[in-house]
Amino acid sequence: MSESESRLKKFLKPVLTVLIKDLRSELRTRYAMSALLMFIISTISIVVFSIGGGTTRIDVLSGMLWVVIFFSSMSGLSRTFVTEEERGTSMTLQLLAPPGVILFGKLLFNTLLTISMNILAVGLYGFLLSEFIIKTTGLFWLTVLLGSIGLASSATIIAAIIAKANTKGPLFPVLALPLLLPLLVVVIDMTRLSAEGGTITEALGEFQFLIAYIVVNVTASSMLFGYIWKD
Amino acid sequence: MEKLITAIDLKKEFNRRVIFQRISFSLAVGETLLITGKNGSGKSTLMKVIAHVLTPTHGTFIFGGDTSEGSYPHSRLGFVSPYLNLYDELSARENLIFALSIRGLDHQRFPIDELLDRTGLARFKNSPLRVFSSGMKQRLKYAFALIHNPSILLLDEPMSNLDSEGKDLVRQLMAAQSERGALIIATNDANEVEEYTTMVNLDVRV
Numbered sequence: 001m002s003e004s005e006s007r008l009k010k011f012l013k014p015v016l017t018v019l020i021k022d023l024r025s026e027l028r029t030r031y032a033m034s035a036l037l038m039f040i041i042s043t044i045s046i047v048v049f050s051i052g053g054g055t056t057r058i059d060v061l062s063g064m065l066w067v068v069i070f071f072s073s074m075s076g077l078s079r080t081f082v083t084e085e086e087r088g089t090s091m092t093l094q095l096l097a098p099p100g101v102i103l104f105g106k107l108l109f110n111t112l113l114t115i116s117m118n119i120l121a122v123g124l125y126g127f128l129l130s131e132f133i134i135k136t137t138g139l140f141w142l143t144v145l146l147g148s149i150g151l152a153s154s155a156t157i158i159a160a161i162i163a164k165a166n167t168k169g170p171l172f173p174v175l176a177l178p179l180l181l182p183l184l185v186v187v188i189d190m191t192r193l194s195a196e197g198g199t200i201t202e203a204l205g206e207f208q209f210l211i212a213y214i215v216v217n218v219t220a221s222s223m224l225f226g227y228i229w230k231d
Numbered sequence: 001m002e003k004l005i006t007a008i009d010l011k012k013e014f015n016r017r018v019i020f021q022r023i024s025f026s027l028a029v030g031e032t033l034l035i036t037g038k039n040g041s042g043k044s045t046l047m048k049v050i051a052h053v054l055t056p057t058h059g060t061f062i063f064g065g066d067t068s069e070g071s072y073p074h075s076r077l078g079f080v081s082p083y084l085n086l087y088d089e090l091s092a093r094e095n096l097i098f099a100l101s102i103r104g105l106d107h108q109r110f111p112i113d114e115l116l117d118r119t120g121l122a123r124f125k126n127s128p129l130r131v132f133s134s135g136m137k138q139r140l141k142y143a144f145a146l147i148h149n150p151s152i153l154l155l156d157e158p159m160s161n162l163d164s165e166g167k168d169l170v171r172q173l174m175a176a177q178s179e180r181g182a183l184i185i186a187t188n189d190a191n192e193v194e195e196y197t198t199m200v201n202l203d204v205r206v
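Those protein sequences? They're chains A and B, same order as listed.
The opening position of the first sequence corresponds to residue 1 in this note's numbering, with each subsequent residue numbered one higher.
The opening position of the second sequence corresponds to residue 1 in this note's numbering, with each subsequent residue numbered one higher.
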C-alpha cells in the first residue's frame, strides 16, 4: 500500500467513526430527523392546500419543491453542531480528533440525512401534487442528488459557525440564504428542465456549476473549519 | 530521561485579558505536575490548552521528541474534566469504542470490558449514559481518558462528584498512571495530591 493510500485510510476511519456515531445518536434521539420530517410534511401540506387542485405552471411547482427542501434543511441540518454544543460534547470531539476529521464526519452525516430526506420530500410532493410530472427522471434525480450534496456542504459549515453563537436558530437561515441562493436558482431551473423533458446534455453547464459549487464549498470549509472549531 | 511533554512559555488571553502567562514545564515518566489556584485563576483554561482543546495565545509544546509544528497529540493525552461530557444516548461501552475508533485505533485490541470492570461499571456497560448517576459518569470519564493508554493523563478537579470508594479508585488509577507515564493535576485542594514533582500556582503567576 502506498503512503498516500495509507494516510487516506488513516483519515477515513476516524471520519467514518464520527459518521457512525452521529447516525447512531440520531436514530436514538431523532433530533434532526423529527425537525426535518415535520417541516417537510407541514410545508408540503401548505403547498397542496394553496395551489393543489388548480392548474399550476411547472416552473412554479419546481420552485415550490426547492422552497420546501430549503426550509426543511434549515430546520434540521443546523442540529449537527448545535447538539454537540448543547450537550457539552464539543470539547470531547476537540480532544479526540483533528478538526478535519470532525468536519468531514459531520459533512457525510448531513449529506446522507439531506439525500434521504429529500428523496422522501420529492416522493411526497409528487404523490400529493399530481401536476408535478417529471419527463426526464435521470436529469431530475441527478439534480436532487447534487442539490442535496451542495445544500449539505453549505449547511455544515454554517452550522459550525452558528453553534458558537448565542442566537443559534434565527442565524442559520440568515447566513444560509445568500450562500445557497445561487445553488437554489440552478437546481430550480434544472428541475423545470427535467419536467419539460430536457436532456442531460442541455444541462451540462448547470452540472458543471453544481460540481464547482460543491468543490469550492468543501475546500473553503476545510480551510476555515479549524479556526471556527477551536476557541 | 526523555521528556513526554515540554511546554514552553505558555500564555492565554481572552479579549486582551491575560489568564496566565510565562508557564513552562516538562514532564518525564513518573513525574506529576500540580496546578493550583483559586476559583477563576485559570486552572481549567491551562488544562484545556495543554489538552489542545484551546490554542495558546503564545507558547508551544513538544511531545516526546516530536518537534513538528501542528502535530496533533490526541493519542498521547487522556483528559478528565468537569467540562468534558460523554454521549448520553450511547452506552458506556459504545462511548469507549468511539474514543478508540476516532483516534484510528482498533477497539478489539484494547481491554474495554476489563477497564469498565475496574471502574465498577461492568454491570452497566450496555446501559445508555442517561441512566447513569453523576458519580458513575465521572467513573466513566476516567475509563474514557485511560482506554487508549495515554502517556500523559490530565485530571481537572479529579475528585469531584466521587464518593469515598470512587476517590480510592482514582488514587489507584493515578498511581498506575505514574508508573507508565506522566500526570497533570489541576485542583484547588492541594491535599488531594500526595506527591508531585512540579507545581504551578496560578494565584502568583499573573
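Hints listed in this document are in silico derivations from the structure and should not be mistaken for laboratory results.
Check each hint, because a few of them may be wrong.
Negatives, chain B to chain A, calculated, CB over 12 angstroms [claimed, not checked]:
hint, residue
1, Glu89
2, Ile102
3, Leu115
Quick list of in silico lysine to any residue cross-link-like pairs, SDA-like style, CA-CA up to 20 angstroms [said to hold, decoys possible]:
hint, chain 1, residue 1, chain 2, residue 2
4, A, Lys9, B, Ser101
5, A, Lys10, B, Ser26
6, A, Lys10, B, Tyr72
7, A, Lys13, B, Lys137
8, A, Lys230, B, Lys3
9, B, Lys137, A, Arg87
10, A, Lys10, B, Asp106
11, A, Lys230, B, Ser44
12, B, Lys3, B, Ser26
All C-beta atoms, glycine included, are put in the ideal place defined by N, C-alpha and C.
Tested hints:
1. Glu89: 4 angstroms, violated
2. Ile102: 5 angstroms, violated
3. Leu115: 17 angstroms, holds
4. A:Lys9 to B:Ser101: Holds - the C-alpha atoms of Ser101 (chain B) and Lys9 (chain A) are around 13 angstroms apart, at most 20 angstroms.
5. A:Lys10 to B:Ser26: With a Cα-Cα distance of about 30 angstroms, the restraint between Lys10 (chain A) and Ser26 (chain B) is violated, given a limit of 20 angstroms.
6. A:Lys10 to B:Tyr72: 14 angstroms, holds
7. A:Lys13 to B:Lys137: 27 angstroms, violated
8. A:Lys230 to B:Lys3: Violated, at about 27 angstroms.
9. B:Lys137 to A:Arg87: Measuring from Cα to Cα gives roughly 14 angstroms; hence the hint holds.
10. A:Lys10 to B:Asp106: 11 angstroms, holds
11. A:Lys230 to B:Ser44: 16 angstroms, holds
12. B:Lys3 to B:Ser26: Between Lys3 (chain B) and Ser26 (chain B) the Cα gap is close to 6 angstroms, so the pair holds against 20 angstroms.
In the structure shown, a violation is registered for the earlier hints numbered 1, 2, 5, 7 and 8, in ascending order.
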